[in-house]
Amino acid sequence: MLNYILRRLGAGLLLLAVVTAVTFWIFYVLPRWAGVTPQGMAAMYVGKAPTPEALAATVERLGLDEPVAVQFVEFVRSLLFGQEFTFGRETVECAAPCLGYSFTTNSPVLPQLLDRLPVTLSLGFGAAVIWVIGGVAVGVLSAVKKGSFFDRLAMGTALVGVSLPIYFTGLLALAFLVHEWELFPISRYVPFTENPVAWFQVMFLPWVTLAFLHAAQYARQTRAGMLEVLGEDYIRTARAKGLSERRVIFKHALRPTLTPIVTILGLDIGLVLGGAILTETVFSLNGVGAYAIDSIVSKDLPVILGVTLMGAIFIVICNLVVDLLYPVLDPRVRIAG
Amino acid sequence: MRGSSLRKRTYGFVALGAAASILLSACGGGSTDAGGDSGSGTFDAGSTEVVNSSDKAGGTLKYAIEADFDSTDPGNTYYAFNWNFSRYYARTLLAFNPEPGEHATELIPDMAAGMPEPNDDFTEWTVKIQEGLKYEDGTEITAQDIEYGIARSNFNGGVFTEGPQYFKSHLDQDDHNVYEGSDPLAGFDSIETPDDHTLVFHLNNSFSEFPNVLTQPQTAPVPIEADRGELYQEHVVSSGPYKFDGDYEPGVKLHLERNEHWDPATDPIRAALPDRVEVAIGVSQDEIDERLVNGDIDVDLRGSGVGPAMNARLIDDDSVQGNLDNPYSGALRYVNLHTPIIENVACRQAIMYAADRDSMWRAWGGESGGDIATNLLPPAIPGSNPESDLYPSEDNKGDLDAAKEKLEECGQADGFATNIAVRVESEKDVQTAESLQESLARVGIEAEIKSFPAADFFGQYAGSQDYVRENDIGMSVSGWGPDWPTGYGFASKITHGEAIMETGNFNTSELDDPEVNGLWDKALETEDPTERASIYEQIDTLVMEQAAIMPVVFDKVLFYRSEELTNVYYQPAYMMYDFMALGVDRG
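Residue numbers (our numbering), protein chains in the order written: chain B, 1 to 337; chain S, 338 to 924.
FYI, nobody ran anything at the bench for these hints, they're computed from the structure. Treat the hints with care, since some could be wrong.
Claimed, not checked - Using C-beta positions, here's what the derived DEER-type ranges look like:
hint	chain 1	residue 1	chain 2	residue 2	range
1	B	ALA96	S	ALA394	43 to 53 Å
2	S	ASP654	B	GLU194	31 to 41 Å
3	B	TRP33	S	GLY703	42 to 52 Å
Bear in mind the structure is a predicted one, so any value in this text is a computation, not a measurement. Using N, Cα and C, we set each Cβ at its ideal position, and we do this for glycine too.
Throw the hints in and build the complete structure from the sequences for me.
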């Protein structure tokens with residue numbers, strides 16, 4: 001088991017290295033191929049009326065005139081061993097893992113990311129709880145009552161949920177529930193540790209909006225899975241043994257159905273934690289997603305790299321957790337040591 | 338000066354000065370003749386008078402903005418809204434007169450004890466500062482702190498990348514870097530401080546408008562020991578009525594609380610009515626507009642009017658007309674005619690004649706977007722003559738006969754081919770270019786529209802000399818707002834030959850006319866503002882004769898004036914409400 005986890009972690013690290021290299025290549029090398037000079041790259045970081053002096057200083061600070069390979073090695077080195085930045089007369093250490101310094105927001109990247117992470121974690125896990133419970137419950141009921149009015153209504157709603165983008169449902173929710181009827185407070189993130197009630201109130205709409213999109217997929221997936229499993233021989237055997245229908249459904253049918261659900265859940269949570277860009281933007285939440293979109297728009301390279309790397313880390317971790325959960329859910333699965 | 342909006346984040350920002358403006362403004366403006374008496378004022382009242390006058394103190398004044406500050410450091414900022422806002426915590430040597438209407442752009446002392454005294458040729462200026470001014474920790478503000486603030490903002494080895502460089506251009510100072518060597522001011526002798534309350538500025542040329550530069554946030558005092566370079570923005574040491582409550586969180590929030598060491602008796606411009614000032618950053622523009630109209634926030638910090646969606650909603654809503662103001666934004670929307678590409682002045686004049694200004698004005702939003710511009714200087718600037726029109730035509734539809742004559746004169750009787758550069762994110766820029774393209778086709782001038790990202794427009798495309806020449810970019814659609822409200826503050830950067838840069842070039846037409854340049858220099862040696870205004874009018878006419886800039890629209894902005902906001906008026910120097918006057922009355 002331990003061997004398996006170590007191997008998976010090793011593969012995860014390799015994946016992260018590849019993601020880093022590719023991202024670096026896209027944002028640092030491609031512009032060069034397109035003919036952008038180091039000064040041109042530096043111009044992205046300076047104000048509207050850059051002096052040649054400011055451009056030259058920025059080129060030097062970011063090492064933009066170095067060969068790309070050197071820049072990459074520098075980036076990896078500061079990631080592994082940290083780096084020092086000079087501000088005025090002050091030298092500040094950026095301890096490993098140092099993701100660098102954003103010359104657009106004038107602040108180091110990692111602390112900024114960590115500051116924003118609680119918002120994204122709150123959003124991601126809160127929404128996931130709602131979409132998993134809601135989606136799976138509806139899916140099971142629909143499967144058990146296949147062809148009923150409930151089944152049709154639920155699957156119809158699910159279709160709507162899958163089809164409607166967040167910026168539609170989100171803006172609609174804001175317009176009516178917040179501004180028109182004032183049922184929910186203006187969305188402004190309040191940390192859980194500061195005021196759990198306010199945190200819940202503010203996060204509720206973003207959760208529901210994000211969950212609506214995902215729950216629909218989960219309901220459809222669960223229903224399909226359940227219908228398939230309910231036709232299996234061992235279910236007939238379980239029923240023949242005289243087990244109660246409740247036991248048949250929850251103990252024998254649902255568990256294997258959950259395996260593929262957990263697989264997509266791992267990916268979904270990883271993606272959301274890497275930045276639920278649309279939800280955060282619509283609800284003006286200052287999470288990782290909003291940070292990501294800001295950095296993309298302003299071509300803030302160190303932040304883009306940082307956000308991408310963090311997103312990749314979440315996906316790797318979530319996938320690992322999912323793989324470890326398989327044998328717990330489905331006794332037929334064994335992890336080969 | 339930059340207006341604001343997504344900069345860095347794409348849209349908007351008029352650089353103070355910069356270009357920007359254009360984008361942001363999807364904000365057209367309401368129809369000017371709409372009436373109505375509802376709300377706390379009448380339509381457009383805030384443009385010319387103080388609305389909801391009150392001396393009620395207390396409460397929290399709430400701002401929100403989508404994009405972030407370029408920097409909260411007064412030494413490193415160029416956004417118009419932040420030149421306005423930073424005055425909460427950063428006092429400047431001079432200030433704009435805090436009253437609405439025609440005297441709004443006159444200068445008065447802020448930290449200074451009186452107006453600066455020049456020598457005979459305006460190359461030396463002496464400013465006394467008041468005694469008893471204090472920082473947030475109670476220590477006294479000295480002339481040396483102001484000298485240091487100015488030195489670090491302009492002479493820093495290039496580490497500050499946002500702010501303007503007027504001091505660098507005009508101070509008689511050799512290369513200097515405050516962050517090198519043990520004594521930051523050793524060798525920095527262009528500003529002398531003979532005592533703790535006197536500053537003497539030595540300039541490298543005559544500069545009669547120098548006092549305008551002394552209104553800029555770079556003149557705020559900075560204690561040397563508190564300066565942390567770019568990190569200073571996390572906690573600026575306050576000299577004004579408010580100080581940072583905790584650290585500034587980029588992209589999230591900035592909260593200000595009262596500074597007990599600020600003495601109102603020394604301060605002629607700050608009412609300091611609210612107990613707290615809070616800025617929520619990262620709120621989308623639509624959401625800001627919604628909250629503004631619902632009373633959940635008091636002011637849109639960006640200060641460039643409501644977004645397009647809310648604009649459309651408000652214009653036709655009779656119940657809110659009394660809450661709307663519709664002033665000139667202070668900016669000019671225009672098309673640069675690039676002189677190195679279309680070299681022959683007659684060819685450029687042909688373009689001026691052929692342009693259908695009426696359709697370009699419609700493309701910019703018609704009535705609600707602003708007025709047709711036929712001269713360079715916006716109406717609020719002394720020396721502006723909006724009546725002048727060197728290329729008149731019936732109903733402003735273009736004079737095709739005159740255009741054809743000019744084409745013959747320049748040896749291109751059948752027209753010629755060229756390219757127009759536009760910022761792709763700005764719908765109105767693109768529509769303006771399309772409209773120009775159509776009208777030029779009427780005389781055989783084939784113009785192809787080339788779109789570029791706004792963020793790199795001046796750095797890599799229209800403002801890059803190499804790119805313009807290699808790709809035959811003959812025109813570019815642009816916009817400009819004044820760094821300060823005079824002819825020099827508005828137009829020198831876009832028409833003075835010395836302002837031409839290899840990249841990041843805002844004199845995009847690359848006009849380098851000896852007569853124009855000479856008049857700019859003459860203005861700076863002229864003390865009398867009225868005389869200067871007449872020089873600026875001459876420059877305006879010359880630029881039009883040279884057909885280097887085709888004015889399109891003096892645009893207007895639509896502001897929503899919240900019911901609970903007190904002492905609201907439009908300050909043209911910042912092109913938005915005067916933040917220092919504002920208070921809240923929650924009833």
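Hint check results:
1. B/ALA96 x S/ALA394: 43 to 53 Å: Once the Cβ atoms are compared, 50 Å apart, the range 43 to 53 Å for S/ALA394 and B/ALA96 holds.
2. S/ASP654 x B/GLU194: 31 to 41 Å: holds (38 Å)
3. B/TRP33 x S/GLY703: 42 to 52 Å: holds (44 Å)
Going through the hint list in order, the structure satisfies each hint without exception.
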